[in-house]
Amino acid sequence: MEFTRRDTLALGAAAAAMTVLPFRANAATVDELINEFTGGADVADSGVTLTAPEIAENGNTVPIEVAAEGASAIMVLAAGNPTPPVATFNFGPLAGSHAASTRIRLAGTQDVIAIAQLADGSFARTSKNVKVTIGGCGG
Amino acid sequence: MISRRDFLQASMAASALVGASGFGNWGRLAAQQSLTQDQLLQFDTFGNVSLIHLTDIHGQLKPIYFREPEINIGVGKNKGEVPHITGADFRRMYGIEDGSPSHYALTYNDFTALARTYGKMGGLDRIATVIGAIRADRPDALLLDGGDTWHGSYTCHHTQGQDMVNVMNALKPDAMTFHWEFTLGSERVREIVEGLPFAALGQNIFDAEWDEPAEAFPPYKFFERGGVKIAVIGQAFPYMPIANPGWMFPEYSFGIRDERMQEMVDEVRAQGAELVVCLSHNGFDVDKKMAGTVKGIDVILTGHTHDALPEPVLVGDTILIATGSNGKFVSRVDLDVRDGQMMGFRHKLIPIFSDVIAPDASVTRLIDEQRAPFIDQLTEVIGKTDTLLYRRGNFNGTWDDLICQALIEERDADIAMSPGVRWGPSVLPGQDITREDIWNVTSMSYGEAYRTEMTGEFLKVVLEDVGDNLFNPDPYYQQGGDMVRVGGLGYRIDINKPQGERISDLTLLRTGEAIDPSRSYVVAGWASVNEGTEGPPIWDVVEAYIRRKGTVSLEPNNSVKVVGA
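Residue numbers (full-length UniProt numbering), protein chains in the order written: chain A, 1 to 139; chain B, 1 to 565.
Hints were generated in silico from the structure; no laboratory data involved.
Among the hints, erroneous ones may be present.
[Stated by the list, open to error] BS3-like mimics (lysine-lysine), calculated; alpha carbons at most 30 angstroms apart, straight line: (1) Lys-221(B) with Lys-172(B); (2) Lys-549(B) with Lys-128(A); (3) Lys-79(B) with Lys-128(A); (4) Lys-79(B) with Lys-384(B); (5) Lys-384(B) with Lys-549(B); (6) Lys-295(B) with Lys-79(B); (7) Lys-229(B) with Lys-295(B); (8) Lys-77(B) with Lys-128(A); (9) Lys-384(B) with Lys-77(B); (10) Lys-77(B) with Lys-561(B); (11) Lys-549(B) with Lys-497(B); (12) Lys-128(A) with Lys-229(B).
Pulled out of the complex, with its shape left as it was, chain A reads as follows:
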């Protein structure tokens, strides 16, 4: 939480947005996107894994990985971003592994959500809260 004059000026512009931390999910949009992906089907709590840091080292490039055994598709949403859709990974019948990793940009502390369509056509969901902090003081 220490700033140079220059950084503070830059941060000043963002301050209004930062005071509403943690970022609120755009619930309507996220629900709509999930419904669109699942066609309204039930979504189970297990079957897909999402690996992401608890606290992002850099909110502009957060490494994440999703995996679901036998999945045909995995959709990733950043619930608190102005535009929640991040990516949908599609796996063909010959895919050797049903996992994908990428880096995403997070506008602030928020839930990252992964929804997978599994081999039997059912859906699974998981989420992880990723904190984007302005830096701090170490012990």
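With chain A fixed as given, assemble chain B onto it according to the hints.
Just chain B, lined up with the frame of chain A:
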């Protein structure tokens, strides 16, 4: 009067829970006569493996005073659990007699009087004696260093950690993990690590670009000791690029990565490990959560949060050891490992009373060699204190009150901020303040004292952000420091609220007026994690202030109102 029996009960596992001893009977004790080195080192060697744990020395080669915290609040599942128990409650819990050596070493009350009675603690030459005695019992004991070693003093700063490397090498550790070491810059860290005669471990140290394990820091190392195949897995501080300046080590990424920790445990077990030890710099509550998540770790040697516990904490079948900081303690853990299983343990947190434990002469010589080129600068008296100067506590300490006052006056600011680090020894009332004392609480590779403007709104954002690093109920979201210290500013904090709602009633102390969210205030601070921060070094600011004052004296600080503890 302390008896040998009382002291050992407080020091040893399981048998120590003997209830409270009498209160109100402490006086000035003939302490040093009643304590002996043999008594401090007494240990009935047990089983077939010994671990010796050191951590968070923060550059302290010589004995120091170090006051433990009064305020150390636990949240979520850790509310009211160790290490979040302090003072008389801590003594009652462990059956520690008031006025005893353990009282002085482990709790904050009556610190000045007890410090005068029992003297300084620590000193790597005393620690060398303790390690030597343990090795005499168990020649193949493993010595493990939990990190925060190459940081924290005048000589460490001016030699870029070389003084600590030279002296630690003489103690012959078997492995180490890291935190502040990386603030030397990645090039310097790699240079030291390449020449290190022991393992530099960190399963969570990754290459930032490829997000793959960093080659220079293996995840684990195997040792064959007492006929037992032991795997030591390293866990560096997870939040280095966030809590410290990531631009100083841009090639590296960290994180808790407990999934990989599980993979590593499974991997070493598959390779025949009979005992799995995690040498960690996670911080105690993070380790406690990790112990419940990752299966198959026998012992976690914890670090980072500077807690000293006279008994291990058990989570399932995992024992957690907490060895304190600044060289005050060494932990010895004897283990009975048979048929690939840990069957039992015996533990002692050995307090390093520097007037009781004889220094190892060769290590004293080596320490003095490191200090010799700087001795005139180190010993120069800058001023004097009327008040006990200490740092630890969740919200403030007199050292940071002094630093904040120096920032406000020397830098002509409304408000000052000082980082909530947990290192930095204490200075007793009536003592001289030397340049070494100032560096012990300020030295770092990014100590520039900035001066800037922040709006009232932004000040709240900063306090909320740091507050969540400390009081998020999930330990995995905590960074292990204390609250940022503020000067010239008062506030109220409700620790149980979510981020954004904890902080209220911000007040500019100079005028007593409420902070205006839209107004700008001049803020002076130090230890910015941002690249390109400009300003004079904090140690020069503090030195100029103390020199000007001659004698410093601090009033009790009541500017933070804490709710929900």
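> Taking only the CA atoms, is the gap from Lys-384(B) to Lys-77(B) under or equal to 30 angstroms?
Replying inline: Roughly 43 angstroms separates the two Cα atoms, so the pair is violated.
> Lys-79(B) and Lys-384(B): Cα distance at most 30 angstroms?
Replying inline: Distance ~39 angstroms between Lys-79(B) and Lys-384(B) Cα, so the pair is violated.
> Is the Cα-Cα distance between Lys-229(B) and Lys-295(B) 30 angstroms or less?
Replying inline: Roughly 18 angstroms separates the two Cα atoms, so the pair holds.
> Quick one, are Lys-549(B) and Lys-497(B) close enough, alpha carbons at most 30 angstroms?
Replying inline: Status violated; Cα separation ~41 angstroms.
>> Against the 30 angstroms threshold, does the CA-CA distance of Lys-77(B) and Lys-128(A) hold or violate the hint?
In response: holds (20 angstroms)
> Does Lys-128(A) lie within 30 angstroms of Lys-549(B) when you go C-alpha to C-alpha?
Replying inline: Roughly 52 angstroms between the alpha carbons, so the hint for Lys-549(B) and Lys-128(A) is violated.
>> Check whether the Cα positions of Lys-295(B) and Lys-79(B) lie no farther apart than 30 angstroms.
In response: Measuring from Cα to Cα gives roughly 24 angstroms; hence the hint holds.
> Are the Cα atoms of Lys-128(A) and Lys-229(B) separated by 30 angstroms or less?
Replying inline: Cα-Cα ~37 angstroms, so violated.
>> Next pair to validate is Lys-77(B) with Lys-561(B); report whether the Cα-Cα distance is within 30 angstroms.
In response: Cα-Cα ~23 angstroms, so holds.
> Within 30 angstroms, alpha carbon to alpha carbon, are Lys-384(B) and Lys-549(B)?
Replying inline: Roughly 9 angstroms between the alpha carbons, so the hint for Lys-384(B) and Lys-549(B) holds.
>> Hint check: Lys-79(B) vs Lys-128(A), CA-CA at most 30 angstroms. Holds or violated?
In response: Status holds; Cα separation ~24 angstroms.
>> Please verify whether Lys-221(B) and Lys-172(B) have alpha carbons no more than 30 angstroms apart.
In response: Status holds; Cα separation ~16 angstroms.
Comparing the model with each numbered hint stated earlier shows that hints 2, 4, 9, 11, 12 do not hold.
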